[in-house]
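Protein sequences, first through last, are from chains A, B and C. Everything in the first sequence is counted per our numbering, starting at 54 for the first residue and increasing by one. Everything in the second sequence is counted per our numbering, starting at 68 for the first residue and increasing by one. Everything in the third sequence is counted per our numbering, starting at 396 for the first residue and increasing by one.
The set of hints was computed from the structure by calculation and includes no laboratory data. Hints may be right or wrong, so weigh each one.
[Unchecked claim] If you want a taste of the chain A side facing chain B, the calculated C-beta under 10 Å gives, among others:
# : residue
1 : Ser71
2 : Leu75
3 : Asn79
4 : Thr82
5 : Lys83
6 : Ile86
7 : Phe160
8 : Asp163
Backbone N, C-alpha and C define an ideal beta-carbon position, used for all residues, glycine too.
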Amino acid sequence: MNKYVKMIIALSLIALISGILLGGLNELTKETIENNVLKFKKIPAAAHIFEIVSGKLSPEERVTVEENLLSNKRSFELEENKKVTFFVVQKEGQPYAATIESFGKGFGGDLGVMTGFHLQTGEIVGIGITTLSETPGLGSRVTEMEFSKQFSSLGKDSKIMVKKDGGEIDAITGATISSRAVCAAIANAQAVWEKHHEKIVQASQ
Amino acid sequence: MEYFELIIGAIFINNILLAKFLGNCPFLGVSKKMDTAIGMGAAVVFVLTLAGVITYAVEKYLLIPFDIGYIRTLAFILVIAALVQFVEIFMKKSIPALYKSLGIFLPLITTNCAVLGAAIISIQNEYDLIKTIIFSAASAVGFALALVLFAGVRERFEISRIPKPLQGTGIGLVMAGLLSLSFFAFKGMI
Amino acid sequence: MSTIAREFTKGLWDEIPLFRIVLGLCPALAVTTTMENGLGMGVAATFVLVGSNGLVSMLRKIIPNEVRVACYIVIIATFVVCVEMITKAYFFALSESLGIFIPLIVVNCIILGRAEAFARKNTIVKSLADGLGMGIGFTLALMLLAGIRELFGAGKLTLLFGDTILIQHPFGFLQQAPGAFLALGLLLGLMNVINNKIRG
Numbered sequence: 054m055n056k057y058v059k060m061i062i063a064l065s066l067i068a069l070i071s072g073i074l075l076g077g078l079n080e081l082t083k084e085t086i087e088n089n090v091l092k093f094k095k096i097p098a099a100a101h102i103f104e105i106v107s108g109k110l111s112p113e114e115r116v117t118v119e120e121n122l123l124s125n126k127r128s129f130e131l132e133e134n135k136k137v138t139f140f141v142v143q144k145e146g147q148p149y150a151a152t153i154e155s156f157g158k159g160f161g162g163d164l165g166v167m168t169g170f171h172l173q174t175g176e177i178v179g180i181g182i183t184t185l186s187e188t189p190g191l192g193s194r195v196t197e198m199e200f201s202k203q204f205s206s207l208g209k210d211s212k213i214m215v216k217k218d219g220g221e222i223d224a225i226t227g228a229t230i231s232s233r234a235v236c237a238a239i240a241n242a243q244a245v246w247e248k249h250h251e252k253i254v255q256a257s258q
Numbered sequence: 068m069e070y071f072e073l074i075i076g077a078i079f080i081n082n083i084l085l086a087k088f089l090g091n092c093p094f095l096g097v098s099k100k101m102d103t104a105i106g107m108g109a110a111v112v113f114v115l116t117l118a119g120v121i122t123y124a125v126e127k128y129l130l131i132p133f134d135i136g137y138i139r140t141l142a143f144i145l146v147i148a149a150l151v152q153f154v155e156i157f158m159k160k161s162i163p164a165l166y167k168s169l170g171i172f173l174p175l176i177t178t179n180c181a182v183l184g185a186a187i188i189s190i191q192n193e194y195d196l197i198k199t200i201i202f203s204a205a206s207a208v209g210f211a212l213a214l215v216l217f218a219g220v221r222e223r224f225e226i227s228r229i230p231k232p233l234q235g236t237g238i239g240l241v242m243a244g245l246l247s248l249s250f251f252a253f254k255g256m257i
Numbered sequence: 396m397s398t399i400a401r402e403f404t405k406g407l408w409d410e411i412p413l414f415r416i417v418l419g420l421c422p423a424l425a426v427t428t429t430m431e432n433g434l435g436m437g438v439a440a441t442f443v444l445v446g447s448n449g450l451v452s453m454l455r456k457i458i459p460n461e462v463r464v465a466c467y468i469v470i471i472a473t474f475v476v477c478v479e480m481i482t483k484a485y486f487f488a489l490s491e492s493l494g495i496f497i498p499l500i501v502v503n504c505i506i507l508g509r510a511e512a513f514a515r516k517n518t519i520v521k522s523l524a525d526g527l528g529m530g531i532g533f534t535l536a537l538m539l540l541a542g543i544r545e546l547f548g549a550g551k552l553t554l555l556f557g558d559t560i561l562i563q564h565p566f567g568f569l570q571q572a573p574g575a576f577l578a579l580g581l582l583l584g585l586m587n588v589i590n591n592k593i594r595g
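Model the full structure from these sequences, guided by the hints.
Structural data, given as structure tokens:
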């Protein structure tokens, strides 16, 4: 058989097998993977906000809350073809706040923050950290309650900045960059809320 | 300004080789002589930047529209392999001297983690075309820089006395560690 | 039977990847911050290596010589994408820790190297043995390096059976980039010393 025909047949055959195998595997694992990203990265932060709103949870309660948040996830359209998933935090059984994830430039990379906005007033009810690669013991302390509770009950138009930059937030000692990143992320979330809050509130009902 | 940060970051702070560990195999293999190091460095800059552009296009016009993002690794490595083949053919015809001196290391650029790595990182960070080009080129320059510095150091210990077990790759790695440590100094820069 | 066993065992010392066959460095330096990551990477790479060796050997008479490297790449990449999907779905934490180094298994010189040097010239069973031996050797090498970096770098090491070893005053820098290079370099030297003593 012609040399070139042989090459083409061999390559095509291998490509075909590869395609079928991978396509099949993708179908099998697609949903699990999507849920994993939500489950491990975003839900814990949303649950943290839930705790800020409704009080401390026991480990069992936490599991239930996380499952509820996941199964009740909503989405809205950020721009054409770009859907954003968000979670609805409930208080006393009623939709209370919507959590939006946004990012700021931290010391070791992107710092992800989940901000909870009160559905009616747009007030910030609390924050949770989703992803961070900051210095352990310094920048990583932005996850601590001491730091994050400063962001509760801030009006939706308040200027979120560290004291060094003229704002009200106490940065973590020795971790100005990380603290600034959190503020920047929240500011980004505020911008999203400003622009899309009607859609978000509607999707939360 | 953002571009400047991107460049400084890619070359010094997050040096693709000394901080991100991508591109080690050729690093220890090619860096024995200064000229091969410079040649390899230049070749990598060329290939990596071009690869950045092409993989960007593949992602944007093929993987996303057809929702087959999961075969990204497969698609990218094929693109890179084909690209290196073309560069080989091109170089053989136009710069045969360089082609000869690089020898087997030219096709080995295909398996250089730095090329595939930088392409994947550009996608993960969602860079637009301009940033992809800048990031790819800067990363490659960082690689070339580390390579050339290392070759310089290595040429020196050709004539030093090194304990036998450490000769060759062992001492090479130790020196790479010290070089990496010196780049650590850039961490607080931005 | 003994030749098959030999193909398997050579990957465990004589031709152990990382120390004797100095390939596969990139992941070795990056993921060996904890023993768990080292193990995870080793297992993932072994899966790809065994799979690709097996398939390349199976198809060795059919793949035309001119396009063999392209075919190897497609085969290896296919296994790598499988590993990517499986880890993201069922071992999410591991996939996050190993990050970009899972897709980078596709350019791990060990795998392409074995396909080119061995699998295309040998029977399926021998190739599988070679792949398995090299894979396990690689995993052991990774775990050794990781164990040292974790114990002396982070100060504590939790062994598989639950015991935790603690060390006062760890060398934090072993966990960072320069420490990785240094640790591997010195370990390589040590391996050479041991090898010389054994092989006389």
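Original post:
Looking back at the hints listed earlier, which ones does the structure fail to meet?
Top reply: none
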